Amino acid sequence: MTARAIKAISVPRMARVTWYKHRASVLGIPGMFLLAAALLVLDSLLQRHWISSHHFTYCLAYGDNSTSSRCLTQDAPYQLGVFAEFVNYWRTEGTVLAVFLLAAAAGLFAGVPWVAREFEGGGFRFTWTQSVSPRRWLLGTFGPLTLLAAATAVICGVAAHWWFQVAQFRLDGGTTPWGWESIEMTPLSMVSWTLLAMALALLLGVTIRRVLPAMITFAVIFGGCLVLARTWLSTFLFSVGDIPLRVNYVNPVYPSGSYVAQTWFARPGGPKLSPMTLYAQLLNVPQPQQARWLAQHHLTEWIAYQPHSHLVWLALARNGILVAVAALAVLASVWWLRKHPAE
Amino acid sequence: MNVIQTDGLGQRYRQTWALRDCRLTVPAGHVAALVGHNGAGKTTLLRILAGVVTPTAGTATVLGYTPGSQQARDAVSAVDQTVPLYRHLRVRDQVAAARELNDQWDTDLAVQRLSSLNLMTSGKVGKLSGGQQAQLALTLALARRPRLLLLDEPLASLDPLARQEVLGWLMTCVAEDGLSVVFSSHVITELERVATYLVVLSQGQVQVAATVDSLLDSHLALTGPAADAGQLAGQVPVITAQRTGRQAQVLARTDTAPPGWAARPVTMEELVLGYLREPAARVLPPLEAAR
Chain A
1 MTARAIKAIS VPRMARVTWY KHRASVLGIP GMFLLAAALL VLDSLLQRHW ISSHHFTYCL
61 AYGDNSTSSR CLTQDAPYQL GVFAEFVNYW RTEGTVLAVF LLAAAAGLFA GVPWVAREFE
121 GGGFRFTWTQ SVSPRRWLLG TFGPLTLLAA ATAVICGVAA HWWFQVAQFR LDGGTTPWGW
181 ESIEMTPLSM VSWTLLAMAL ALLLGVTIRR VLPAMITFAV IFGGCLVLAR TWLSTFLFSV
241 GDIPLRVNYV NPVYPSGSYV AQTWFARPGG PKLSPMTLYA QLLNVPQPQQ ARWLAQHHLT
301 EWIAYQPHSH LVWLALARNG ILVAVAALAV LASVWWLRKH PAE
Chain B
1001 MNVIQTDGLG QRYRQTWALR DCRLTVPAGH VAALVGHNGA GKTTLLRILA GVVTPTAGTA
1061 TVLGYTPGSQ QARDAVSAVD QTVPLYRHLR VRDQVAAARE LNDQWDTDLA VQRLSSLNLM
1121 TSGKVGKLSG GQQAQLALTL ALARRPRLLL LDEPLASLDP LARQEVLGWL MTCVAEDGLS
1181 VVFSSHVITE LERVATYLVV LSQGQVQVAA TVDSLLDSHL ALTGPAADAG QLAGQVPVIT
1241 AQRTGRQAQV LARTDTAPPG WAARPVTMEE LVLGYLREPA ARVLPPLEAA R
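Chains A and B supply the protein sequences, listed in that same order.
Here this note's numbering is used: position 238 in the first sequence is 238, and no number is missing along the way.
Here this note's numbering is used: position 52 in the second sequence is 1052, and no number is missing along the way.
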């Protein structure tokens, strides 16, 4: 028997196989992100030109913690009218949602069919009988596609962030850096969601092994992830490490750029009282007497807030959780493939 | 050396055992014919040996390696009955993908063979006829320069001329490269021309595993009076007996004809059909020889 050195097929060779087999996906995913980036840059240039020509440039100086109303406080009704026209002309919410869903599109229309079709069409029986193990085939060919998607998602994220610096003024009542739109329109968020989408596509493709059922399941689960991230995860993270502060109910002053995670009333040494009950009672008290009413009942209002300095850490934690879930999905895919190679 | 060795091999799909307690040895240098009823477990056995399916029970080795290990992948080629190719790819891309997926690859063999078949085109694999796809799959399997080739009904979609040509090409590879082949087919005449080893699977178990020569030498087709057929079983091991009027046709495991019976050598087709009719009959190598 002739002994031959055992050598695994290199990743560049696996990447070339991906190119031969999935040219449409290899071109389509980056093409989608780069096209979106180009459109966002073009749109942002148009907006910036409009703002400059209508002398609204100072609005941008407020930075990302401003709102349109604050931006307009010192302006004439004429400017308010022009700004209203600006708000109505561009549909920011729809664009934000479309950009946000690019990652989902990559997973749904490229990732899921990529894997599931291998099993549905029986192509895996060809690949698995070459000099490459199923695990190496899975990671060696899907990996480069995912990295390409992530790299172009970063470019799209940079464009989206730049676009949103202006576009946020068009949102109804403006937005704050704590709003979901502000958090999602960043390169970090785009790449995290793209990695999660591709990893989820990999897992569902490997486990379900039928294109259409896997696509439907992906849409349901990824939609669930989006809702969870916007609701439960954000609420949970914004409550981690928040700082309690006593505030004046009649004339509250909140720390600049902060996010108020909780509000409650309390008596000295007593438990937290729900603000909703007290607000209902306070409605029956004339406004000038509300402070005295609270004092008579030994009640003080408190908030728990996240200072602006926490924002970057909370965003990192949020995206870290998404990437960790993606990593778990990849590990689960490899485990499942080992346990259930084929029938 | 055995190119294939299995012990207690089993594969269950939900509640059904496709292969059960399968003990098989195939020595090196043979073209082994694998035959059996539909659902006998041929495809399952070949997929296990190719490393595509992990067995539920028992052990298997190919060329001394566990199926699916890197060593086994490098040394074993397989063509499944579904002719697994990427039908959306152009032929050139399919060949290029196969080249990238293998450390050992004979480009000259692939190009020459496909050019001679006029298959080295920019057309899609899916646009080729079934026979052309089978030719392409076989070429890609042989371009890997394997030491063991597993073929699951690879010629089913070929016309008779193409079958003859492919079999001739396979025999050349066997003679020149010392390739061992396991070849599953329902067309026994096709196997008869090339097989040197016979494996019959029945109900998920190995019924016969021996060289074709030894099987042909140790079996006779006997013709005699139907009334004596019952007594014959006491003289020689009878595999099957068919009565037609006063005559009986018997396939017996013996090299000498009993008195009163006319004997002639059996063909491989008669041998195979005889054993397929009688699933309880067994011709297996002794356990110690298999180990």
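In short, the hints are calculated from the structure, not lab data.
Every value quoted in this text rests on a predicted model; they were computed, and no experiment measured them.
Some hints could be false.
A partial selection of chain B residues facing chain A, derived with a Cβ cut-off under 10 Å [unchecked claim]:
| hint | residue |
| --- | --- |
| 1 | 1053 |
| 2 | 1057 |
| 3 | 1061 |
| 4 | 1077 |
| 5 | 1080 |
| 6 | 1083 |
| 7 | 1089 |
| 8 | 1137 |
| 9 | 1141 |
| 10 | 1186 |
| 11 | 1190 |
| 12 | 1255 |
| 13 | 1257 |
| 14 | 1264 |
For every residue, glycine included, the Cβ atom is placed at its ideal position computed from N, Cα and C.
Verification of the supplied hints:
For residue 1053(B), the interface hint holds, the least distance from its beta-carbon to any beta-carbon of chain A being 6 Å, beneath 10 Å. Restraint check, residue 1057(B) versus chain A: the minimum CB separation of about 16 Å is more than 10 Å; hint violated. Annotation: interface hint on residue 1061(B) violated; nearest CB of chain A at approximately 13 Å, more than 10 Å. Residue-level restraint check for residue 1077(B) holds (minimum Cβ-Cβ distance to chain A is 7 Å; threshold 10 Å).
Interface restraint check for residue 1080(B): the shortest CB-CB distance to chain A comes to about 5 Å, inside 10 Å, so the restraint holds. Interface restraint check for residue 1083(B): the shortest CB-CB distance to chain A comes to about 9 Å, inside 10 Å, so the restraint holds. Nearest Cβ of chain A to the Cβ of residue 1089(B): about 6 Å, under the 10 Å cut. The hint holds. For residue 1137(B), the interface hint holds, since its Cβ comes within 10 Å of a Cβ in chain A; the closest pair sits about 8 Å apart.
A distance limit of 10 Å between C-beta atoms decides the matter here; for residue 1141(B) the minimum to chain A is near 8 Å, and the interface restraint holds. For the restraint placing residue 1186(B) at the interface with chain A, the shortest Cβ-Cβ distance is roughly 20 Å, beyond the 10 Å limit, so the hint is violated. Violation of the interface hint for residue 1190(B) is found here, the shortest Cβ-Cβ separation to chain A being roughly 23 Å, above the 10 Å cut-off. Interface restraint check for residue 1255(B): the shortest CB-CB distance to chain A comes to about 36 Å, outside 10 Å, so the restraint is violated.
With a cut of 10 Å, the hint placing residue 1257(B) at the interface with chain A is violated, because the nearest CB-to-CB distance is about 44 Å. Hint on residue 1264(B) is violated. Least Cβ distance to chain A is approximately 42 Å, over the 10 Å limit.
Checked against the numbered hints above, the structure breaks hints 2, 3, 10, 11, 12, 13, 14 and satisfies the rest.
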